[in-house]
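J.: Going down the list, the protein sequences come from chains A and B.
For the first sequence, the tail end lands on 801 under my numbering, and the numbers increase by one without skipping.
For the second sequence, the tail end lands on 739 under my numbering, and the numbers increase by one without skipping.
Keep in mind the hints are simulated off the structure, nothing from the lab.
Computed from a prediction, not measured in an experiment: that's the story for all the values here.
We put the CB at the ideal spot given by N, CA and C, even for glycine.
It is possible that some hints are incorrect.
Unchecked claim - Below, computed lysine-lysine pairings styled on BS3-like, alpha-carbon distance capped at 27 Å: (1) B:K570 to A:K218; (2) B:K370 to A:K256; (3) A:K266 to B:K247; (4) A:K383 to A:K427; (5) A:K266 to B:K735; (6) B:K247 to A:K313; (7) B:K533 to A:K313.
To be verified - Ranges of calculated distance between the beta carbons of each label pair, as one might list FRET restraints: (8) B:G242 to A:G428: 51 to 59 Å; (9) A:S223 to B:K434: 41 to 49 Å; (10) A:R374 to B:G242: 50 to 58 Å; (11) B:N565 to A:S223: 54 to 62 Å; (12) B:G260 to A:S223: 32 to 40 Å; (13) B:T340 to A:S223: 26 to 34 Å; (14) A:S223 to B:V373: 12 to 20 Å; (15) B:K247 to A:K313: 57 to 65 Å; (16) A:T471 to B:K289: 54 to 62 Å.
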Amino acid sequence: MVETSDIRVVRCGGSKVNLTPPIISSDSRFVLCTSGDLVKVYSTRTEEWLHSLQGHTNQVTGITLNPANHLQVYSCSVDGTVKLWDFIDGILIKVHSGLCVSACPECFQLVSVHLPKSAEQEVEAKEMSAVSSHISKNPSCTAFGRGGEYIAFARHLQLNVYFFRKQKTYSFSLKATDKKGAKNAFTCIACHPTDDCIATGHEDGKIRLWRNFIHKKEYTYSTQHWHHNAVNTLCFTPEGTHLLSGGIESVLVQWQYGAGNRKEFLPRLGGSILHISASSDGQLFCTSHSDNKITVIESSFKVCGVIQGLVKDAVLTDLMIDPRSKALVLNGKPGHLQFYSLLRDKHLYNLDIVQQEYIYEAGLDQFEVVKAAFDIKGSWLATVEERGKKSSDLEFFLKLWAFDERTQSFVLNTTITAAHTDRIISMCFSSSEETTMLVTAAEDSQFKAWCQGADADTQQDQNFWSCDFVGSYHKLNPTNCSFSADSSLLAVSFQEVITIWSPDTWEMLTTLCQPPGVIRDLCFGRLSCSKYLLGTTTKNLLCCWNLLTCELEWSTSVDVSKLQPDPFSENVAAFSYQSKHTDLFVFKPSEPRPLFTNKNVCSEKVHRAVFVPREEPLNSCDESTQWLNRSQLYFLTQNMDLLTFSTATEEDRMLSSSKQLVIDDSVAVTPFYLLLGKHRQQQQKLNTQSHPHNMALPLLLRVPGGGLLHTPAHVLPAASVLCSMFVNSFLISNTGVQQDPLRYFVHIWLT
Amino acid sequence: MMSTDLRSAMGEFKVHRVRFFDYMPSGIRALAFNQDTERMAVARMDGSVEVFHCSDRFFQEKIIPGREQCGIEGLSWVGERLFSAGLNGGITEYDLTNQKVKYTIDAYGGPIWTITGNQQGTHLAVGCEDGTVKLFEVNEDQIQFERNLDRQKSRIISLSWHPSGSKIAAGMMDMIQVFNVETGHSIHRMLADRGAGTSRSKECVVWSVVYLSDGTIITGDSVGMVKLWDDQTGTLIKSHNVTKCDVLALSVSQNEDSLVAGTSEGIVVQFQFVSMVLEKDDKEWVRTRTFRNHTHDIRAVAEITTAVVSGGMDAQLVVRPLLDKIEVRSAASALRKIHFPHRRLVSCARKSGLMLFQYPGHLELWRLGESEGKGTPGSSLFVKRNPEKLLQLKVKGEDHIRCSAVSPCGGWIVYSTASTLRLYRLHCDNNNISITKISKLPKVLSSANQLCFSSDSSHLFSASAQSSVHIASLSQSGCKFVGTLKPKSGSHQAIHLLAASEDGKWLASANSDHEVHIYNLQTQKAHCTVPVYSSAVTAMGIHPATNCLFMMHADQQMFEYSIEQKQYTDWSRTVQRKGLHRFWVERDTPCLNVMFNPQNPSHVILHDMYMLCIIDQSLPLPDDKTQFYNQLTLKSLTEEQRKSQSHAFKVCKTFKDILCVELMPDQSLVVVERPLEDIATQLPAPIKQKKFAT
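Using the sequences and the hints given, assemble the complete structure.
T.: The following block contains the structure:
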């Protein structure tokens, strides 16, 4: 078993886009947000993912526009670098490395880093001075004041303001609680752009506006209170006329600055608001939400766009693949199933399962989708929603959804209110093409088979689902159920015993048992290995039975937390958790030797995994990567990171395709446009005294197949225009105003 | 009434828990602060005017009782003189020395809504119902009408002088006028917006106006806006929407960097004049803090040096300290709510078990109930005879009662208003009660600031003008003037406390200049004067056995002065040397009565609004490290340990909102309580407000 180096675990699509505040480019055309180790660029108008800035090797923790050049963006990451990008073209301009990183996740220091001016691409930032040795780990609790003259940061009950010029910190403390039970801990900070006013949000929903904070005693603040729970984020509009705030209520509140209580609301935005940012012209606002979503809002308080990432807040269902769209299906926003295209890393749509209004409030017990299953063709979807898990009165519904070809979505077909008397713990469809059958196993020590149209009374066109068979075994609680690949056998595990049933006659064929330990996972082998049945037990045993001989073929002692068969090959993936890390084994049931082993995939337990079919199969011949040829294995860790395995060849292919030029989506891309459109923009920028970004022609020459020399002469502008532009483009541009060495803050781990 | 057994570590008392004194404080209508003397004048709805000493723990130094039908609308200090004006159309000056009305002159402009004096102290301006602003010249002993400013069509609600005295801003219905005082003509007319929607048809009342020295005029109106106007251009600079209801009162600090606004929702909003960019001079008025201490309309606010004082319909005076203006945090800088007057409204005929309650317009005489048997500490006792109301005595005339007293034997009742003093003989045989008015009173007994009977009820002491005390002897035949006690020297401030000794030999009087004089009643001569202490005397009593005068002061200090030796006692010196416990000094209500337990001469019983305290002079004094409220701890200890743990202060907090405590000869205590909740239920309903989650 060789550790293969050309397969590596990558954080793939569906990373959190709500980790840091999104930023809007100064022309309001792009929204940038961090997503794992990428910075993603979206269009504000079409909500389309345009491209991403790739280069960090770890989680990106912050982005900000370059104040000296609004076409550039700084990003910082846990990998200890600050990178400067041209975000329109996705080009890495500069790397500032050397920001120390050490492992103490609980201690955060605020340092001011001098970014040296240098022509080289890789610069080591050496000059650092500590501002505070202990700050809140929440980046919302740190904000720059007017013109960057000071920085305000808060921790627990203390607000600190550090003046860079005076190198002096002023601190203000609040009492932990008062007689009225206020919880005064700071949760976020924003500074007014032109006035010396700091807005702070607090745990009990109050917003305080601090002024005169250069006095120890004569500082003053006013308090406003609307939010009933902690204020998550605050943001001043660029002109400073309004203050935006958001919290768990998912209501965006706009306070008029200086006019006390006058406020506007934009309610029902989805998940609780985590961050708010405003574009530099104040025309657009962006809110990011806990359900991994970015909402683009016009200044008139109208939602004009939603960028939805993969929602991974509370995944209760398994990871599934919709056989039709090949989309990943799992819990989405509360009460919904989301369909997410992993290939395009794009949210497709939400299917409302619960069909009830969700109330965003902590502690409310509301219906949640806990189980879902597709049949093999993708024409049926079964869901289980339940409520009252904590209290004793459990309520649950089994719903069956039919795919409607006309509307191209799932329509509710049957709702079964009391499918079982206790919680459904496992559910699967038969895999045969002709008849679809659903088997549910519940804690009332029964399993039931459900068939369509079995009820003779219904004379309607639509065929509803009804119960076909109820099975049980010695009053034991079932733990799992699974159909064989050809649907000729149904395996239902009852505690330690696996029973094999024939779905045609509902006759129990045999029982298999390998004590000790309750059966945890169950799956049949596929294709050539379909005579094997695999099972894992709680006592760390992986067993493989031969169904022809009804004997144990082999067993091995390994603690398998998830057993996932690949539907397109014989392979089975097993995630095993031991001594604080998870290992992956890929094997064929026919032979106990693993095809592929990856030690230390991640440090958390893996309970959810899925094989996703590839659009075009890889043709790798390497034995260790062969199992990834037809499908790709995705898995979800306990930290809700969606990870996958990628091969080296795959990555090379990705990199080569990512170097494409991004062009305004409203205009047809012709060489003519590339030349003149850029020329026009360039002139505008020159007029507005901003930084000339003069890359048009050299780029044009680089466009594959669309270069100047390959363009017919009749679509080109006059030669005089071209010549001067061509020459101009090679001149070294003179940047207008000399900026001060930029100060930039990052959160840094402290030893 | 309930009777409860109260067993303190020092003894056991049967307590008459009296809750039938339906004292109702009157709402506060106006406040005026005098920066130089640090006095706060408060006008109440019933026409009474009170003067609080701001730097002496807000002790209520002076009370000038009101009259029927005398609604005061405005108060104003001119120098050390206090003026008020009201809806009866008159301007009143008060004689603060003798605590009475000096004179009232009619302004002849109909009801007066506001009165304000200029900073120079030369003129008073009043705003009248008929639309005139009248200027009065302040003379040496009187005020003289000078002239009218241009007459307006609507009533003048509020007025404010420019600090230079050359301009006046007047708030009216729907508008603000600025007058030039020289010419009397209007310079600017600024229109105040009415509210939106349905309230558009309602007039906007400019309730309050403040004129700043930089020419900014700030108004508070019935639409709920605080507006800032420029007097050069007569334009609106900025408006702050403070409330949905009315902004009733405004007050600016002395250095004009802070403004407070009181609203009818009961909140006080502070605005501060802060620079928007630090260390630059472009300052703006920014709304900062909100104080919610009232339940009802705030009719008056005043920003004094270190605090915001507000009062309103809920009749409490709230002193909210501004912590940024305070150098050292101390008891003097804590939030203070003044509910009850710092005078005794209850007098007790100890020997016959009668209580006399003083209401503004009448007196009530009650007989205490009787109980049966003994109980365990804290338990209620069976009431054998219910307390009963014997008498209700209505006051003749319009004046309210200033002071009253019942004699210890229960045979005499005396009360005094500003104009008359009446003495009644009370006959009480079993169930029949009758009173006869003593008709021929000596002429000197025409009015009194304080009244007191001697302990054998044979003499009446009446404190009157010039700090003098008249003595009248009482007998079956009537009342005979005996003599006048005059201090040898000192101020002529009115006496607010009198204390006669048990043996009838001594009389002590305390006046509002903190002077305590002791007279020998046998010789009718001044005996001595207690060294003047910086804080006012709030209660005093002469010990029946030792003839020591025990004095409580507003700053919670206590002194014991031996009358015979004319010096402080050793115990008093020890107290002063060791200092009092922090918790004792930090209490925020003054002690209102000093009593002595004849059975245990070392005990002094004191009470304030929240507690009852027995001081055992034989026990060691607590220092700041000892547990002050140690009753619960002591209870759990054994007899032996208790001795080492106990200290001189035995505090009982079983009762609260105490108006009066008296010790009866049978070792029972009478505690007169007036729960604040009961007062709150009798107040008019406040403005209905939408509360979150209701």
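J.: Hints first: check each against the structure and report whether it holds.
T.: Each hint tested on the structure:
1. B:K570 to A:K218: violated, 69 Å
2. B:K370 to A:K256: Holds, at about 25 Å.
3. A:K266 to B:K247: Status violated; Cα separation ~46 Å.
4. A:K383 to A:K427: holds, 25 Å
5. A:K266 to B:K735: With Cα atoms ~37 Å apart, K266 (chain A) and K735 (chain B) exceed 27 Å; violated.
6. B:K247 to A:K313: holds, 25 Å
7. B:K533 to A:K313: violated, 69 Å
8. B:G242 to A:G428: 51 to 59 Å: For G242 (chain B) and G428 (chain A) the Cβ distance comes to about 57 Å; the hint holds.
9. A:S223 to B:K434: 41 to 49 Å: violated, 56 Å
10. A:R374 to B:G242: 50 to 58 Å: holds, 56 Å
11. B:N565 to A:S223: 54 to 62 Å: holds, 60 Å
12. B:G260 to A:S223: 32 to 40 Å: Distance hint for G260 (chain B), S223 (chain A) holds at roughly 39 Å.
13. B:T340 to A:S223: 26 to 34 Å: At roughly 31 Å between Cβ atoms, S223 (chain A) and T340 (chain B) fall inside 26 to 34 Å, so the hint holds.
14. A:S223 to B:V373: 12 to 20 Å: Since the Cβ atoms of S223 (chain A) and V373 (chain B) sit about 18 Å apart, the hinted range of 12 to 20 Å holds.
15. B:K247 to A:K313: 57 to 65 Å: The hint (57 to 65 Å, Cβ to Cβ) is violated, given that K247 (chain B) and K313 (chain A) are roughly 25 Å apart.
16. A:T471 to B:K289: 54 to 62 Å: Holds: the Cβ-Cβ distance is about 55 Å, inside 54 to 62 Å.
Hints 1, 3, 5, 7, 9 and 15 from the earlier list are contradicted by this structure; the remaining hints agree with it.
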